[in-house]
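J.: One letter stands for each residue in the lines below.
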Amino acid sequence: MGSKAWLVEDESAREMLDRVLTERPFLLLPPLHRVPLRVGNIVEIVGPSPSAKTHILIQAAITCILPRQWKGVNYGGLGHLAMFLDLDCRFDISRFSDLLNHRIMEAANGSSSEVDCQIKESEAQNATTKPYNEELFASCMRRFLYIRCYDSSEFLATLKTLHYRLQKERETHGVNVHVLLIDSIGAFHWIDRGSSSFSLEGDTRKSLHLQSVTETVVQEIRKLLLVHPMLVMATKAAVLGNRYSMNDSKRNYRTWSAKDNLHSRNVTSSDQQVPYREYMPAVWQSLITHRILVRTTDADFVNGEHQNVSTYLSEWLLPPLNSVDKFIVRDVRKHSCFAVFKKKNQISTLSFSCI
Amino acid sequence: MAPLKNLETEYPIIDSNFQNFCASHGIFSVEDFLIHDLYMLAAFAEQNVSSERLKEGITQILSIIDDMHQPWLNGMELLEDAKRNKHFLPTGIQGVDLLLGGGIRVGQLTELVGPSASGKTQVCLQTASNVARNYMMLYLDTGNSFSPQRIAYFLGKTNELASAQAKNQILQKVMSNILCHSVFDIFAMFDVLHQLESNLRCQERGGGCRIRLLIVDSISLLIAPVLGGTSTRGRALMASAGYLLKKLAHQHNLAVLVINHTVGSEGGTSKPALGDSWKSIPHSRLLLSCDRGSNVYNVSILKHPSMVCWG
Chain A
1 MGSKAWLVED ESAREMLDRV LTERPFLLLP PLHRVPLRVG NIVEIVGPSP
51 SAKTHILIQA AITCILPRQW KGVNYGGLGH LAMFLDLDCR FDISRFSDLL
101 NHRIMEAANG SSSEVDCQIK ESEAQNATTK PYNEELFASC MRRFLYIRCY
151 DSSEFLATLK TLHYRLQKER ETHGVNVHVL LIDSIGAFHW IDRGSSSFSL
201 EGDTRKSLHL QSVTETVVQE IRKLLLVHPM LVMATKAAVL GNRYSMNDSK
251 RNYRTWSAKD NLHSRNVTSS DQQVPYREYM PAVWQSLITH RILVRTTDAD
301 FVNGEHQNVS TYLSEWLLPP LNSVDKFIVR DVRKHSCFAV FKKKNQISTL
351 SFSCI
Chain B
1 MAPLKNLETE YPIIDSNFQN FCASHGIFSV EDFLIHDLYM LAAFAEQNVS
51 SERLKEGITQ ILSIIDDMHQ PWLNGMELLE DAKRNKHFLP TGIQGVDLLL
101 GGGIRVGQLT ELVGPSASGK TQVCLQTASN VARNYMMLYL DTGNSFSPQR
151 IAYFLGKTNE LASAQAKNQI LQKVMSNILC HSVFDIFAMF DVLHQLESNL
201 RCQERGGGCR IRLLIVDSIS LLIAPVLGGT STRGRALMAS AGYLLKKLAH
251 QHNLAVLVIN HTVGSEGGTS KPALGDSWKS IPHSRLLLSC DRGSNVYNVS
301 ILKHPSMVCW G
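Chains as they are written, first to last, in full-length UniProt numbering: chain A, 1 to 355; chain B, 1 to 311.
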């Protein structure tokens with residue numbers, strides 16, 4: 001029987017598993033490390049403003065652009081490209097470069113001996129704005145691709161031409177784009193809702209209002225992920241419900257009009273569901289594979305240091321893990337305007353880190 | 001939204017055949033292409049007689065769409081732009097400069113919040129007098145609070161040791177560097193800002209003295225009347241205003257300072273006006289308060305892109 005002739009063996013299951021795990025590794029990005037993420041996942045980071053959402057994106061980008069190994073030092077990154085779509089238009093590149101520099105220093109110091117470590121720390125103190133390792137820094141920064149969008153038309157134009165851009169970048173750098181970061185997805189929500197949705201020239205013409213824009217965004221992302229598998233992470237600013245209310249979150253939710261009910265659902269904390277007010281249309285919500293909620297808390301301080309430390313709580317909503325994690329973001333600034341000026345002997349151990 | 005036929009002269013591939021094909025799918029302008037599935041359109045084009053030309057037309061449209069978004073930059077290019085253009089403008093007020101790490105940042109939108117009579121306009125005028133020594137600036141005044149006498153007073157205080165003639169010279173220079181516009185509603189502000197945008201674009205090619213600082217005193221007075229109620233127009237206008245200011249700041253290297261007032265909230269405390277939707281628009285927010293008894297003004301940071309803040 002020649003039935004086996006047309007079934008050509010490609011690889012065994014074990015080989016396939018090995019290959020997939022190397023090419024599409026699971027990423028454990030703090031503070032999202034409870035759930036391993038890989039390409040094809042679409043993560044939504046929800047939280048009030050401010051709550052370290054952009055910081056999480058930046059750390060993910062840095063993990064992506066750092067190389068796995070460089071000149072004998074293990075940096076633990078992926079060495080791939082990261083793309084950042086800035087819809088909020090508030091991205092600060094100097095902060096990004098400080099964080100990248102800090103991660104490089106941390107990795108380099110961590111793997112050297114005790115003596116070298118002390119020398120490097122004192123060098124780091126004296127280093128003002130020069131990056132710790134210029135060549136590595138420059139090569140990492142070049143792997144970070146950034147674009148700003150000032151309205152929905154620009155965002156859609158970016159998405160439509162992203163396929164060609166991804167191909168071009170792959171040819172230029174030789175590596176793929178591994179993460180696509182969007183900050184933040186609800187940025188043009190009010191502007192799009194404000195534009196009228198009456199149809200012109202009969203019913204065949206669609207206009208740029210919230211529903212059509214969101215549908216197109218979802219469609220484009222889905223198509224992109226088929227050809228260029230990436231990890232997509234999007235932040236979303238949301239107003240928290242009563243369960244987490246601080247001073248000003250107690251508000252009466254206005255009754256939504258019938259038209260809005262098609263677009264969003266008003267979920268309260270009484271049902272065992274999300275404790276914030278969802279405003280993205282259902283088509284976007286169906287695209288999301290993972291969702292995490294972050295918020296600030298003025299809880300107890302860690303180790304008694306109360307300077308330049310901010311505590312946040314994170315909770316996975318999808319997949320729903322019934323646990324709340326706490327993470328802190330510490331401040332590292334070389335040109336601090338607080339009391340550090342006076343204390344020259346103090347080692348600047350303050351660092352941006354997520355634990 | 002220009003119709004497709006306007007493109008025919010520049011791109012002859014977009015001929016009437018292509019336009020008819022697009023019209024049959026409900027596409028009449030380039031913006032319509034943004035919300036249609038271009039691969040489906042190409043599939044439909046396959047079934048058409050002149051499929052090759054139609055597909056070439058679609059490719060041409062894609063390259064036009066490629067010009068509709070901002071340019072892609074990598075990290076090094078962004079950093080170079082920040083180092084070259086996005087520096088700090090010192091306000092002349094020691095506390096504020098110290099808190100912000102040098103002054104108001106060019107390329108960012110800074111908001112100053114405070115209850116009434118907490119010194120917001122004074123901060124604006126002091127900043128104006130300081131920046132106008134070296135650069136031009138635009139002051140959008142919504143409540144007739146701009147006072148040239150006050151500017152002269154601030155200049156006099158900082159130049160106490162200079163001769164009368166030098167003082168006069170500085171005064172003349174500063175006064176001619178400040179452009180003051182009165183705007184009383186949000187649409188007038190949009191007018192002024194759009195005109196500013198086109199002026200700046202022309203100036204970019206021509207060089208010459210350029211505006212570095214834009215102060216809106218106060219933006220809440222312009223936005224509050226259109227907010228509220230069940231209409232979403234107000235919030236759309238507010239968001240558009242915010243984006244226009246940020247665009248001006250980043251693309252034309254301006255520092256933008258806007259003033260907001262406070263409203264009461266639950267529990268008797270006060271919070272910044274304009275609500276949660278505005279909260280995430282400015283880069284930095286400063287809270288100004290005044291202690292009546294001791295005549296001391298306090299500034300604290302509510303939000304900053306690179307500092308951790310509380311609440």
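Among these hints, one or two may not hold up.
Each computed DSSO-like pair below joins lysine-lysine, with the alpha-carbon atoms no more than 30 angstroms apart [what the hints assert, rightly or not]:
#	chain 1	residue 1	chain 2	residue 2
1	B	K5	B	K83
2	B	K83	B	K167
3	B	K5	B	K86
4	B	K55	B	K271
5	B	K303	A	K168
6	A	K71	B	K86
7	A	K326	B	K279
8	B	K247	B	K303
9	A	K326	B	K83
10	A	K326	B	K157
11	B	K157	B	K86
12	A	K168	B	K173
13	A	K168	B	K279
14	A	K168	A	K223
15	B	K86	B	K303
16	A	K223	B	K55
17	B	K83	B	K271
Just so you know, the hints here were simulated from the structure itself, not pulled from any lab data. Given the structure is predicted, the values throughout are model-derived calculations rather than measurements.
J.: Give a verdict on every hint.
T.: Right, here's what the structure says about each hint:
no., hint, result
1, B/K5 with B/K83, "violated, 44 angstroms"
2, B/K83 with B/K167, "violated, 33 angstroms"
3, B/K5 with B/K86, "violated, 41 angstroms"
4, B/K55 with B/K271, "violated, 56 angstroms"
5, B/K303 with A/K168, "violated, 38 angstroms"
6, A/K71 with B/K86, "violated, 34 angstroms"
7, A/K326 with B/K279, "holds, 24 angstroms"
8, B/K247 with B/K303, "holds, 20 angstroms"
9, A/K326 with B/K83, "violated, 35 angstroms"
10, A/K326 with B/K157, "violated, 50 angstroms"
11, B/K157 with B/K86, "holds, 29 angstroms"
12, A/K168 with B/K173, "violated, 51 angstroms"
13, A/K168 with B/K279, "violated, 37 angstroms"
14, A/K168 with A/K223, "holds, 17 angstroms"
15, B/K86 with B/K303, "holds, 19 angstroms"
16, A/K223 with B/K55, "holds, 19 angstroms"
17, B/K83 with B/K271, "violated, 35 angstroms"
Taken one by one, the earlier hints fail for this structure at numbers 1, 2, 3, 4, 5, 6, 9, 10, 12, 13, 17, listed in ascending order.
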